[in-house]
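Student: Using the hints provided, position chain B relative to the given structure of chain A.
These protein sequence lines map, in sequence, to chains A and B.
FYI, our numbering numbers position 358 of the first sequence as 358, with every residue one higher than the one before it.
FYI, our numbering numbers position 262 of the second sequence as 262, with every residue one higher than the one before it.
Covered by chain B, according to a simulated footprint, are these stretches of chain A (three or more residues, beta-carbon under 8 Å):
1) 97 to 105
2) 179 to 192
3) 396 to 404
Calculated directly from the structure, the hints in this document are not laboratory data.
Predicted, not measured: the structure shown is a model, and the values here were computed from it.
C-beta: ideal position from N, C-alpha, C; glycine also.
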Amino acid sequence: MKTLSCLALAVVFSVPLARAQPSFKGPMPDATVIVDASLRRAAYLSRIDEALVWRAAMAKPGEPKTFGLGEIVSKLARREDAAACSERLIELMKAPTGDMFWMFPVTAIYYLGRDQLTPEAKAAVREAWRAYMPLRGDTENHWAMYYSSLYLMAQQWPDEPGERWFNGKSSRENFEESRDYLLHWMELTTTIGQGEYDCTHYIGEYAIPMLYLATWARDPAMRQRGRMMLDYIFADYAVETLNGMYVGAHARTDDTTLLEKWNGLSSFFGWLLLGNCPPTVAYGGWGIYFVAAAKNYELPEVIYRIGTDRAGTYTHYERKRTRHRWRNSDVRNAPVYKTTYITKDYAVGSDQGGLLQPIQQHSWDVTWAVPDPRGVHNTIFSNQPHFSAHELMMYFTEKPDFMPAAVTSQGKPTYIAESKLLGGSPYEQIFQRDDTVISLCHVPAGANFEQVNGFFSKDLARFEEDASGWIFTQGGNAYIAYRPLAPYEWKPLEVGGKRLRSPHGKNGTIVQAASVAEFKSWDDFKAAIRALPLEIRLEPTPRVAFTTLRGKKLVCTYGAAPVVDGTTFDYSGWKLFSGPYLNAEVGSGKLTITHGALERVLDFKTITITDRVKP
Amino acid sequence: MQTLKSKLFFAALLAALGGHAPIGAAAPKHDLYLSVLLSGPGQIMGGRTPALSGVYRSTDRLKVEHVGFGHIRMFQVIGDPHSADGLYLAALNGVVHSKDRGKTWRILTGWDMTEPKGLAIDPNATDHIYAGLPDGIAVSRDRGATWARMNGGIRRSYTQTITIDRTQAGRVLAGTELGIYLTEDGARTWRLVQPTTETTYDLRQSPHDPKIFFAVTTSSGALWSEDRGLTWKPIAGVPKKHTLHNGVFDPSDARRLVLCGWDAGLLVSEDGGRTWLDRTAGLPNRQIWSVAVDPDQPGRLYASPFQQPVYVSEDFGLNWKPAFFEKATAFNLTFVPRP
Chain A
1 MKTLSCLALA
11 VVFSVPLARA
21 QPSFKGPMPD
31 ATVIVDASLR
41 RAAYLSRIDE
51 ALVWRAAMAK
61 PGEPKTFGLG
71 EIVSKLARRE
81 DAAACSERLI
91 ELMKAPTGDM
101 FWMFPVTAIY
111 YLGRDQLTPE
121 AKAAVREAWR
131 AYMPLRGDTE
141 NHWAMYYSSL
151 YLMAQQWPDE
161 PGERWFNGKS
171 SRENFEESRD
181 YLLHWMELTT
191 TIGQGEYDCT
201 HYIGEYAIPM
211 LYLATWARDP
221 AMRQRGRMML
231 DYIFADYAVE
241 TLNGMYVGAH
251 ARTDDTTLLE
261 KWNGLSSFFG
271 WLLLGNCPPT
281 VAYGGWGIYF
291 VAAAKNYELP
301 EVIYRIGTDR
311 AGTYTHYERK
321 RTRHRWRNSD
331 VRNAPVYKTT
341 YITKDYAVGS
351 DQGGLLQPIQ
361 QHSWDVTWAV
371 PDPRGVHNTI
381 FSNQPHFSAH
391 ELMMYFTEKP
401 DFMPAAVTSQ
411 GKPTYIAESK
421 LLGGSPYEQI
431 FQRDDTVISL
441 CHVPAGANFE
451 QVNGFFSKDL
461 ARFEEDASGW
471 IFTQGGNAYI
481 AYRPLAPYEW
491 KPLEVGGKRL
501 RSPHGKNGTI
511 VQAASVAEFK
521 SWDDFKAAIR
531 ALPLEIRLEP
541 TPRVAFTTLR
551 GKKLVCTYGA
561 APVVDGTTFD
571 YSGWKLFSGP
581 YLNAEVGSGK
591 LTITHGALER
601 VLDFKTITIT
611 DRVKP
Chain B
1 MQTLKSKLFF
11 AALLAALGGH
21 APIGAAAPKH
31 DLYLSVLLSG
41 PGQIMGGRTP
51 ALSGVYRSTD
61 RLKVEHVGFG
71 HIRMFQVIGD
81 PHSADGLYLA
91 ALNGVVHSKD
101 RGKTWRILTG
111 WDMTEPKGLA
121 IDPNATDHIY
131 AGLPDGIAVS
141 RDRGATWARM
151 NGGIRRSYTQ
161 TITIDRTQAG
171 RVLAGTELGI
181 YLTEDGARTW
191 RLVQPTTETT
201 YDLRQSPHDP
211 KIFFAVTTSS
221 GALWSEDRGL
231 TWKPIAGVPK
241 KHTLHNGVFD
251 PSDARRLVLC
261 GWDAGLLVSE
271 DGGRTWLDRT
281 AGLPNRQIWS
291 VAVDPDQPGR
301 LYASPFQQPV
311 YVSEDFGLNW
321 KPAFFEKATA
331 FNLTFVPRP
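With the rest of the complex left out, here is chain A (with noise of 0.2 Å):
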């Protein structure tokens, strides 16, 4: 399916990776903040070096399945074996598959090569433009893909009638095309917010592209856009993490990395540049493609700073859109209302609730810090189970009936489980306020499924059920209480820990999160959430009257505004960014990026990029 947009993991871990990858493997970083901007750089300027020589030697002589597209681009951005690269690259030009995921690699080869390449290595590329017509895809990953892919190669290949491009269009055509196209998704992404935000895999999806526009953009107010959306991705993923692990609610993430919140692409850039966990397996697969021309970004140090500093408590807010909306829909991107507080020993982030992305939405969680990542399922969340055609139809211009079975077939195997715990719901609503989450839920008779199901990680540290009906966990140096809202059962789970499955259509969560630091004991812990007021009902709609750990008395009815301290919350004036560290209103296209007295001010209207130090 389309549409179903998609990873590629074949193409991605076609490499062999018997060989040792030094930081994979490797001790954890040392986490320290390098203060020294020269040393910092160096450090950064190593673990590219580190993925490129790694990458660079998975291409045996005489075995050319090792020699891909990947080799070649290591080699390449290493400046060696251009001959061995040439002669492959025409091979691997006679059969071109993988569409937009395709381009952007051949791209950067063909940039990366001009002065490396043989002429007859440079006409099989220029030739496979002509004769491979990829696919443009069905989502904004695939088209900032595409056409950042096209808007260099229509550079490089200018004033060619059509009849030299797969499309038909002529190099002016397919600039101009491309041109509009970025300028359209920048612009969206910048006042209203991204449509795949905060995907622990897609992120690279956007960040290699624009990389590319900022590296080789001739143009140098589209090169200025490039650097600025890279900065605005970056200080976007940086503000949300957690010692390099992406945290809160994401549009799309995956089975793996929903437990495991660590192993997903986004750390491969947490690893990179911001130095403070691993790479994930094969420097995250396509990293590899960011590191090719990586040399040629550097993360401001605001954004730096921001990423590595836990030294403080913050809430972050964040308005982002959904991804683009066909039928069931009165609007075409609906607002995401995201919040996320952030602690050195846990992150707790959520969003509003509802189906805001098909099939990979991952709406709240816990997840706690941990000394080494690696394995560890660090995370507490629950999830209202939901599958149908009607979700699948709102976001994908497919026929209906065959859409379900058939996400499963296209790497999103529980799509339709019972069991499942990725996903948005209709039926489910969320408030945060600090570090409390409260989950409702009303399953109307009938839909799938009619339950909660609750994820327990392997890797709790204490886990107690309570006769208060609060069940009592910590995870790392986090206390969690987690109270489940209607009667529930234990399912074990085939990856470690265990489901908590609640098979009640009114349902629901609250989780308050504390640090361990923050009482004398466990027992201490416990009985100040046992104190907190509570009250709980659920006929004839879900509600919860709570007073958190923080004093927050918080009213939530399923169907209703939420109430704070007796007054009724108001998303209307959710800002694109606010908190501590990044701030931005609706539709200004201006983000400011803060830390301490540094500051830098990305001006999308104007296409400026202002640093100041503050007094």
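Tutor: Relative to chain A, chain B alone:
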């Protein structure tokens, strides 16, 4: 060199193996185009494609040849009234045109138009092309050189199918998410003529009587109009609980209609839609993605059961045999006049 006699022999042999009779000495007036996905429902964009999907053409109803590019989503093929060698495609990449029967292509639409599902050219104003998009309707007045969005008045503008009344230029019906809309001024204004609860997937004008239109929907069953699409009534005997994909007139026989859908199987009517007979027996499943009636061979039907061969029947659905491919999902089966 093969003699005519040997050609006919091999054609007959192939047809017997393939399960259906060749057109024979009388050359068909139309080519059959099949827009198919051959790499299974698990195929994702950007993934390796084990089989070459896209548009296939059969000039003899015996074998098929691949035409153009191998995309996994191609939704409709129509002919070009200005050129016997011309073809238009509604494809995931946009509206695409070939001037040479598929040797070369040009995408006519830009970044702002994705995944057109339906395409129609006004037979009385042949420069005018209408495209149904997931977010509206686009119209070109210059054979696709430029496009404008023209879906004013349509709420929930997802548009799956477009049909142009051949009796009046600029009179167009569109099957959308929430009903059938009509324009009589070339898409400048639209009005709802038949609400539906979900998407209308096919909309056709009778080749025998231009006042008659036939539509199929997701959950409103099949609909019938006898006043050029102004008013509609549900067709009795057609279930509403399944999504219907195609509703087709038999160009050879005004009494005959066919429809198909997901779990709905394949139904035929031989009395102008008054009664319906289930003709799914002989097909491997009831998930019939598309159906077409051969305009050159009375009684011949083609049907595409989900992820099965494309089947053919010589007796209007009484008996079926596999005809093309091993496992296909045919998004569209259509006949284009032969050059």
